[in-house]
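A.B. asks: In case you want the letters, here they are:
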Amino acid sequence: MNTDTKVMSAEAAVSSLISDGDCLAIGGFVTNRRPYALVREIIRQKKRNLYIEGGPSGGDIDMLIGAGCVSTIIVSYIANSGYTQVCRRFREAVEQGAIQYDDYSLDVQTIVYHGAALGLSYVPVKNMLGSDLVNLWGISEADRKKHPKLPDKKFVIQEDPFNPGSQLCLVPTPKIDVALIHAQLASPDGTFRISGAQFQDLDIAIAANKTIVSCEELVSDEELRRQPELNSCTGLCVDAVVPASYGAHPSQCFNYYDYDSRFFIDYDNASRTQEAFDRFIAEYVDACPTHADYLNKLGAARLLKLRIQPGYGYTPGLKRK
Amino acid sequence: MNTDTKVMSAEAAVSSLISDGDCLAIGGFVTNRRPYALVREIIRQKKRNLYIEGGPSGGDIDMLIGAGCVSTIIVSYIANSGYTQVCRRFREAVEQGAIQYDDYSLDVQTIVYHGAALGLSYVPVKNMLGSDLVNLWGISEADRKKHPKLPDKKFVIQEDPFNPGSQLCLVPTPKIDVALIHAQLASPDGTFRISGAQFQDLDIAIAANKTIVSCEELVSDEELRRQPELNSCTGLCVDAVVPASYGAHPSQCFNYYDYDSRFFIDYDNASRTQEAFDRFIAEYVDACPTHADYLNKLGAARLLKLRIQPGYGYTPGLKRK
Amino acid sequence: MEYTKNQMMAVTLSRQIEDGKAYIVGTGLPLVGATLAKNTHAPNAHLIFETALFEGNPQEVPTSVSDLRINYQASVLWPQYRYFGFQSIYAKRGLIACGFLGGAQIDPYGNLNSTSIGDYFHPQTRFTGSGGANGIATYCDTIIIMKHEKRRFIEKVDYITSYGWGRGPGDRARVGLDPKRGPRAVVTELGLMRFGEDCRMYLAEYFPGVSPKQIQENTGFELDLSRAVEARPPEAEVLDILIHKVDPLRLMI
Amino acid sequence: MEYTKNQMMAVTLSRQIEDGKAYIVGTGLPLVGATLAKNTHAPNAHLIFETALFEGNPQEVPTSVSDLRINYQASVLWPQYRYFGFQSIYAKRGLIACGFLGGAQIDPYGNLNSTSIGDYFHPQTRFTGSGGANGIATYCDTIIIMKHEKRRFIEKVDYITSYGWGRGPGDRARVGLDPKRGPRAVVTELGLMRFGEDCRMYLAEYFPGVSPKQIQENTGFELDLSRAVEARPPEAEVLDILIHKVDPLRLMI
Chain A
1 MNTDTKVMSA EAAVSSLISD GDCLAIGGFV TNRRPYALVR EIIRQKKRNL YIEGGPSGGD
61 IDMLIGAGCV STIIVSYIAN SGYTQVCRRF REAVEQGAIQ YDDYSLDVQT IVYHGAALGL
121 SYVPVKNMLG SDLVNLWGIS EADRKKHPKL PDKKFVIQED PFNPGSQLCL VPTPKIDVAL
181 IHAQLASPDG TFRISGAQFQ DLDIAIAANK TIVSCEELVS DEELRRQPEL NSCTGLCVDA
241 VVPASYGAHP SQCFNYYDYD SRFFIDYDNA SRTQEAFDRF IAEYVDACPT HADYLNKLGA
301 ARLLKLRIQP GYGYTPGLKR K
Chain P
322 MNTDTKVMSA EAAVSSLISD GDCLAIGGFV TNRRPYALVR EIIRQKKRNL YIEGGPSGGD
382 IDMLIGAGCV STIIVSYIAN SGYTQVCRRF REAVEQGAIQ YDDYSLDVQT IVYHGAALGL
442 SYVPVKNMLG SDLVNLWGIS EADRKKHPKL PDKKFVIQED PFNPGSQLCL VPTPKIDVAL
502 IHAQLASPDG TFRISGAQFQ DLDIAIAANK TIVSCEELVS DEELRRQPEL NSCTGLCVDA
562 VVPASYGAHP SQCFNYYDYD SRFFIDYDNA SRTQEAFDRF IAEYVDACPT HADYLNKLGA
622 ARLLKLRIQP GYGYTPGLKR K
Chain E
643 MEYTKNQMMA VTLSRQIEDG KAYIVGTGLP LVGATLAKNT HAPNAHLIFE TALFEGNPQE
703 VPTSVSDLRI NYQASVLWPQ YRYFGFQSIY AKRGLIACGF LGGAQIDPYG NLNSTSIGDY
763 FHPQTRFTGS GGANGIATYC DTIIIMKHEK RRFIEKVDYI TSYGWGRGPG DRARVGLDPK
823 RGPRAVVTEL GLMRFGEDCR MYLAEYFPGV SPKQIQENTG FELDLSRAVE ARPPEAEVLD
883 ILIHKVDPLR LMI
Chain R
896 MEYTKNQMMA VTLSRQIEDG KAYIVGTGLP LVGATLAKNT HAPNAHLIFE TALFEGNPQE
956 VPTSVSDLRI NYQASVLWPQ YRYFGFQSIY AKRGLIACGF LGGAQIDPYG NLNSTSIGDY
1016 FHPQTRFTGS GGANGIATYC DTIIIMKHEK RRFIEKVDYI TSYGWGRGPG DRARVGLDPK
1076 RGPRAVVTEL GLMRFGEDCR MYLAEYFPGV SPKQIQENTG FELDLSRAVE ARPPEAEVLD
1136 ILIHKVDPLR LMI
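Chains as they are written, first to last, in the working numbering: chain A, 1 to 321; chain P, 322 to 642; chain E, 643 to 895; chain R, 896 to 1148.
Misleading hints may appear alongside valid ones.
Claimed, not checked - Derived DEER-like restraints, expressed as beta-carbon distance ranges: (1) R/1125 / A/48: 57 to 63 Å; (2) R/1120 / A/222: 45 to 51 Å; (3) A/272 / E/798: 55 to 61 Å; (4) E/646 / A/310: 35 to 41 Å; (5) A/227 / R/1135: 43 to 49 Å; (6) R/1016 / E/820: 47 to 53 Å; (7) A/318 / P/625: 45 to 51 Å; (8) P/333 / E/877: 37 to 43 Å.
Since the hints were made in silico from the structure, they are not lab data. Think of the CB as a built atom: it goes at the ideal place given N, C-alpha and C, for glycine as much as any other residue.
The shape of chain A in the complex, shown without the other chains:
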């Protein structure tokens, strides 16, 4: 058995593994299993000029944008669905030209993250053909060449060598510097186990140069290795394991807790203006130097009310509006 340990605090993981200007990919899906505890730490440490590979983005990425951490986003969707249909700090940043952005479709982001995890240079797809996702480049080839991390071309259209006459859109796979994941279980050697839908998490964990995994529960290596068939990823792909119960709050975590509707409603209101957003961040991020402080601020009763009910997999009758 490996005798090393990759366990560290969010503070240590973020400060040692994330640099200004890095390309980040973030796990989960919109309002499900987003690694909010790690994202709050990035805001706390005032990382700058991040390039975000968005995928199914949620309010966590909106917070990064609002906090001034992001200079470039490759986007296909960003919402706290059911609460904020278009994330508001993102929207204002785009409308005011404060951020560099380009659009793909979610399927294409999905498949290029997967292609990156398969070591492919590009993935040849039919998607986007005909649409303005192809006709309009949010970031021009000239600007891409100036960007230290973006591929020079958004895509290349080529005839399929195996189906003459058929066009394909060849989309380059991104070079992700750091992936942030929240898993239910992880162990000191970096092995982690996501339960329920995996979304694109394993792909970004494998593809990224560095991977930080926060977890609901830290367990022994031996415990996870009793049932390797349930594990998601070898520790060979993981650089830091950060214990963080409720680390995905306010989003959902399969087998553990439902989303916190009240928080999403509060954030929807707070994110309407930069001033209200800044107060919200001051209160929930800066005034809570650690994840434990954050949990205490929310309070135990509020958190425990979110526990899922076995057999349902969510919290039936949860107040959601």
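Keeping the supplied structure of chain A fixed, place chains P, E and R upon it in accordance with the hints.
C.D. replies: What follows is chains P, E and R alone, placed relative to chain A:
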């Protein structure tokens, strides 16, 4: 809930879903979870001119070759590892020019099956470059064009449009007619659950035009849907569910049984000559019209000795030589 | 019998769903309509979410396509890339009957904008972006749900997020897409539009209490009204199931 | 101290393994050597199988790379395509120290044949084919295990299944492969060969009781013997662990 049922006998599944000349892909890996019960039924029904997408092939495909079912095989490996290092009916068929064959590497077969399941026309890889897997085409372009199922080209070498100067080998994804899978659990609507290593099974099940799943245990739809997070595949990709306990015998089946070394040793001897092979098939396939007959021939005690020991996942101390 | 506009829309969506076939649904009205269909005439319809969650039977209305509520009695919770493959392969084989889409703007050929209003580079209003919409429009027949407003039904959308029929017959093949798939219907709070052989939208059904003229007045391009008939109102028992079983909390209807 | 040729080979293989690094191993001697290393100087070495089974600790010698025995205390049992991705990405990053290969024929540049003897189209002897060998040779540094026979060590192999150094410096880049990876060592029952800057095999170590001359006599091409030293015999405690703990049933040694 779906009120249809896809449950049928091996006889009905093979006769209704497999035609002479079809392209078949077979699940499992060499000596692990190969769908032998379905393969024996194909031999019984004397299917002819099959084109086999080999992947990690085992003695099951060797039996199909020996029984005269196969005219074309795309191969990278075929053995009962530890017992027969090169399957003998395959070897004789190749050495005598009785079969059409072409070679890829196992990784490439893996990734093109995966690519097929992703709906891709081809996968661009580095593999095979420089080697005779590229320099020599076992089946020429002219013969490929005559073949009703094979792609015209084994591959195309092209410069990577995103990495000038870098060569890539673009390998077309196969069009699989029928996938054969052995799963631990399946339910009438076709949902199935493979436990342990999945190998390439899910890829061929999704990619194939028709999929036949034999299973250790047939359970209710409701039972599998209690924990969708453990299921491997939706029934939308499955055309037949064939209940067959010990359906992977003589190969292994995770959580159920170990391989039957005595059988592999017997087959190693039997497959040395066509005559001995024919006697073996007469005895174990033709003289056993159903899977139940086959199990009775082996005998309950022999089968039960193969049960794995929980905590190990195999049968410790099993006689293996 | 009393019913709301949203209820009529849900019933209309439900009527588009056939038993035994597979549909890609999002949250909101499409899911409500599909769930209604499963509880009435199409118990064996298969609902697929772009999150790669298959065939769930949500007991509470989910707020997003990733909501844990969708997992209930699902068949598989696949990783995201499996949806990518399933969509392209099974649509090609005709095994996905259709996918549901929404948008901020639509043109007469069913091209849809869900990205931004105004210049893409300096938008007046920015939306989330494609999500899974572009993929559905690439591979599948689609049914589109819209608010029926003149500023939304326009001759040319500001940004084509999801390609429909282009500018007419032959255009899908020309850009590299399957010419046999494309937009099939548009459902609004006023009626049901379909697409003719010229690939242009026409009025197929106007809802009870709505006139074809009123629909034309709310449409920013000329709509062929000649084939329009009045839609059947919701059947009492269907409405009952919708209200009391499908969305009793009235989150969507 | 008594030991067999296979035991000396296993010990030599074990000595190639460094603590904390990752290795792609097959069954047979490479696994025995790697398991020996994990039980002696390299407890934190990571063993990876081409079946995408990671970091198992087999308690009984597996007969194949898919054997259930490999799952014991493994970290993940990934689907096959994950191995494909891991191999190419992590080899590129230098995180896979090497992979182990075998073959029927080898040439002075480490090009390997595991496909067939004679004309590929009308082979005299057909083998299984590449298996995972070609992929390992594509992406990783390799250590090759061979039987030391004149007919196997030849100037030109009948079929290049796994590309080594081509015909010398620059050839890997020329065919599109990473020029920094390639064959590093060949272990036989007689000794250990390495590759020089000219990419040609040379004798690095001859096993106790074997002479360099004898190795040259069993090699079908000229081998530089000038740098050869005698290998250390197995340490007593290492041999003890090999025999009593790693392969007590003597399936491989």
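A.B. asks: Now look at each hint and say whether the structure bears it out.
C.D. replies: For each hint, the structure was consulted:
1. Evaluation of the 57 to 63 Å hint for residue 1125 of chain R and residue 48 of chain A yields a pass: the beta carbon distance comes to about 60 Å.
2. In this structure the supplied range 45 to 51 Å holds for residue 1120 of chain R paired with residue 222 of chain A, their Cβ-Cβ distance being about 49 Å.
3. The hinted range of 55 to 61 Å is not satisfied by residue 272 of chain A and residue 798 of chain E, whose Cβ atoms lie roughly 32 Å apart.
4. One distance hint, 35 to 41 Å for the beta-carbon pair residue 646 of chain E and residue 310 of chain A, holds here, with the actual separation near 36 Å.
5. For residue 227 of chain A paired with residue 1135 of chain R, a C-beta distance near 33 Å fails the hint of 43 to 49 Å.
6. Range check, residue 1016 of chain R to residue 820 of chain E: Cβ separation about 40 Å, and the 47 to 53 Å hint is violated.
7. At about 49 Å, the beta-carbon gap between residue 318 of chain A and residue 625 of chain P stays in the expected band of 45 to 51 Å.
8. Between residue 333 of chain P and residue 877 of chain E the Cβ separation comes to about 40 Å, which falls inside the hinted range of 37 to 43 Å.
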